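Put the two chains together into one complex; each comes in its own frame, and the hints tell you how they fit.
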Amino acid sequence: MERKVVYPQKLLPYLLVAPQIAITLVFFFWPAGQAIWMSTLLQDPLGFSVQFVGLENFEAVLKDPAYLATLQRTFLFSFGVTALAMVPALLLAVMVDRVVRGATAYRTILVIPYAIAPAVAGALWLFLFQPSIGTIAYPLRFLGIDWNPRIDGTDAMIVVVIASAWKQIGYNFLFFLAGLQSIPKSLLEAAAIDGATEVRRFWTIVFPLLSPTTFFLLVINITYAFFDTFGVIHAVTQGGPGKSTEVLIYKAWYDGLIAQDLGRSSAQAVILMVIVIGLTVIQFRYVERRVHY
Amino acid sequence: MTSPVLPSLKPGRHNLIPHLVVAVGIAITAFPLWVAFVASTLSNPEIAQAPMPLLPGNQAVANYGEALVQGGRSGRILTPPVWEMMLNSTVMALTIAVGKIIISILSAYAVVFFRFPFRMAFFWMIFITLMLPVEVRIVPTIQVITNLNMMNSYAGLTIPLIASATATLLFRQFFMTIPDELVEAAQIDGAGPMKFFRDIVLPLSVTNIAALFVILFLYGWNQYLWPLLIGTDARMQTIVIGMSKMIDSAGGPTDWNMVMATAILALLPPVLVVVLMQRWFVKGLVETEK
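Line by line, the protein sequences are chains A and B. Take 1 as the starting number for the first sequence in the numbering used here and just add one per residue. Take 1 as the starting number for the second sequence in the numbering used here and just add one per residue.
Only chain B is shown next, with the shape it has when bound in the complex (with noise of 0.2 angstroms):
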């Protein structure tokens, strides 16, 4: 409802104050990026010239070459080659979203279609790992890892990640509301449990699917304790930690050319999914959340 008397509730064309608020907000949002992605663009002595430029030099098929093919410079060593490390984050983003979604929805479907002794308390040990997440178990943790030879593997960098509280709740509380009459009717047809979870269930999921694959590909890919934990040697190394490896803390030099080339290939493939999944990745972290 507009109305003219009360101009204040619909500000007119007018009122700057809130489009030159959200204008320093958004600039505050992306001037790292920007100032990363021209570093990224840049040789290092003309990011050593202070103050560095703002606008991109000429060296970015250079830097990016560098980074991809040979790595960066580690202390005295050079990381493994850049894309070795976006393969083993994609490796482990993937794994872990779709692993999590599989057996969650799977738990969820057990939980909510049938009746069996100890359903609740199986379902109640799924919601507890909420409350334990790495960070509060990390010594044992590595043994159990240890103990089964599953230090720097593929194996051990994701299927301890894949249990998901987030996802089987997220499931559960959908699968409440599929309507009871089609359970029936399913049955009535002589569909089994599984033929009803194929042909009925999974296409229903479709949207939580993709909403939870936004949220879990985030997940894996921005790990950073666990693979520090488990991928200690080089050739399993994440893109996350190896760029984490390219800054010097002792304050030794640091080829910040290399570094930011790096930042930006280790935020380019999350910030992509979630620009170009948008829809889902809003409904994910909603929906995630209740």
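Chain A on its own, in the form it takes in the complex (with noise of 0.2 angstroms):
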């Protein structure tokens, strides 16, 4: 798409850009460049030589035990972090949409984890959590469960799932909300007197209507997962206990600036930028689509 009617200035412009621009190729694509440069060099430990070493840098990395589990690890996180917002925010928009008076309010006051940080939203739950005073953790010692994600990984996974989970519920709510209002009436009028019960209706009718938008919040939701909780996991566990909670975004911090390790540190970044360019291709592709449709 473009104007047919524009301005003929030559120079003017390139000083509209520049600023942009320059921010994005200083604070941007050179320090991209020099990851992706970096993840083919092998410094020793001490910092005197560099040696060019090629691929074998990723090859170390994907080799390498603790990074496949932190991989696993994080595609665990990413599924429970997705599901647990994803699903009680679907359940909502379809109880709100039926309420109709007072969805504004409801609106409101479910959107309100949204706006607050991923470390904030992380400190609160761990706050109920808190083995010997959360009000949570509180009354799960009473059911006699042994609970500390100090010491429990699992325990601990539970937690920054949940806070993450938590922030993200408003956001699919609002989507889902306003993909179920554009549903025709009229559609669910003639199922059901066809005689189609409430339960059929959704999943035959409002469900296959609704997926391109569960799609999109897929997507949205992973890209969350993956890329906006290192809040979360550094304010709440750092990672442990041991390494039950890295992920990897929280693994190629820790390498490139706790453990100083920059060739593995860089490949790492390297690998998330091609999984940050394939979530974002997906993303853009499929609302094409979504505009035709």
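Rather than coming from a laboratory, the hints here were simulated on the basis of the structure. Just so you know, not all the hints are guaranteed correct.
Computed Cβ-Cβ distance ranges for the label pairs, DEER-style [what the hints assert, rightly or not]:
| id | chain 1 | residue 1 | chain 2 | residue 2 | range |
| --- | --- | --- | --- | --- | --- |
| 1 | B | L204 | A | G195 | 46 to 52 angstroms |
| 2 | A | P139 | B | L202 | 55 to 61 angstroms |
| 3 | B | T207 | A | K185 | 27 to 33 angstroms |
Source: prediction; values computed, not measured. Note that CB positions come from ideal geometry on N, CA and C, so glycine has one too.
Structure follows, in structure tokens:
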């Protein structure tokens, strides 16, 4: 799509894009290029000599059992966050869609967690799950559950998954509700006249018509779980206990800045870049289809 | 269309299930916030006596006062006073939001209303930044910031985050819908490009700017990894970072009333922005994800 009527100035447009392009080059392209370049280098531990090693860092990373364990953990974490953020959101949207009255007030409250920083969300849930004093941990102990996210990896994972998902439910709810409200009521009425039960109407009409929204949210939530939950993990568990909540982003940060293993950390950064590019491409290709749809 | 034949499509008042489910959803959403608020009004011994009370205590003034003026305990040292960290967060959030809007609206205007060599190359360069979040280029970005002497400065905290593909895409999309007749009429009246921008384009963009502002304010205020990397000095700390440092991850004693008071102060500004500007917030969410 192009405009027909434009302004003829030659220099002005360059001045207008200059600030954005300058920032893009200095803070995005240059470091990203550096990351790619560094991923092919091997530095000795004292930093005296550097050697070009091609794809060896990638080989080392992808063969490292610790990395593969982190990869697997990240999938588990992302699956948990996505499911826990989307299923309740869909349920709530379906219910609010039927309530009609009060929908705006419900929306206001449900969307509040989305405004909260991931680290703060993490702190709120960590407090609830704090072994001796937490408001949720306390009854758990009464039920005989030996609960301690400081010591038990599974418990820690549960806390970071819940905190991350809690933040995202309101966002998914907004999009599901908008999707539900755009389904023509005549379709549902016709099905009701044909005697389809409510549950059947949901699975045969509503859910398929919601599938573009669902797919879009799936991509958004996976991206969120992969890249925007660093704050939750850093503030709540620091990747621990042991490595039980260490996800890819956390490991890349840890290996690069704390362990100072530049080559391998850069190789991890490049792998993450490929993942972001993949997710972004899926998102934009899909959106184009949604416009035609 | 309401029809008595189809009672199940328009549930009557007797149908309580939706209300119940929504009530449970809201309770789960609000519960952590309520408990955090209550804890911020209690003394530490009151919190430690499990189960913790679920109604506010009388320490609110003391706790918030101490947090704001003195700061909280972070291991053996104190964090800076929370008001200082809130100031840092405010500067960061506002500079990022306003900066992103300004440079994005200018570059979108250039890309849409002019024809010049490399126009689309510039556009794609801006677009590609979507695929290069800080998270995938941590170490080299720190090197660049260090070389430019921007560590522990407001410039370092904000300028590198000001590039915005999302905002540029949104403005570009909107500018495409401005009718050619309007541009022609302005040109016939002798309005140059900057006058057209100021008198026509900018006023037309107000709702888009408001929508973006809400989204970008949240983005700036809630940053975590960036201030962690760039604001290593205590006086450059944001409130979100400061709050997380008050939690002793080694399992040592944590002043939960201070942490929760700080958490409430950290979440209040973005929550207020979203609640007060809700119409624009929803518009911003929907538009920026297109």
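Against the structure, the hints come out as follows:
Restraint check, L204 (chain B) to G195 (chain A): a C-beta distance of roughly 51 angstroms satisfies the suggested window 46 to 52 angstroms. At about 56 angstroms, the CB distance of P139 (chain A) to L202 (chain B) agrees with the hint of 55 to 61 angstroms. Distance hint for T207 (chain B) and K185 (chain A): a CB-CB separation of about 29 angstroms, consistent with the stated range 27 to 33 angstroms.
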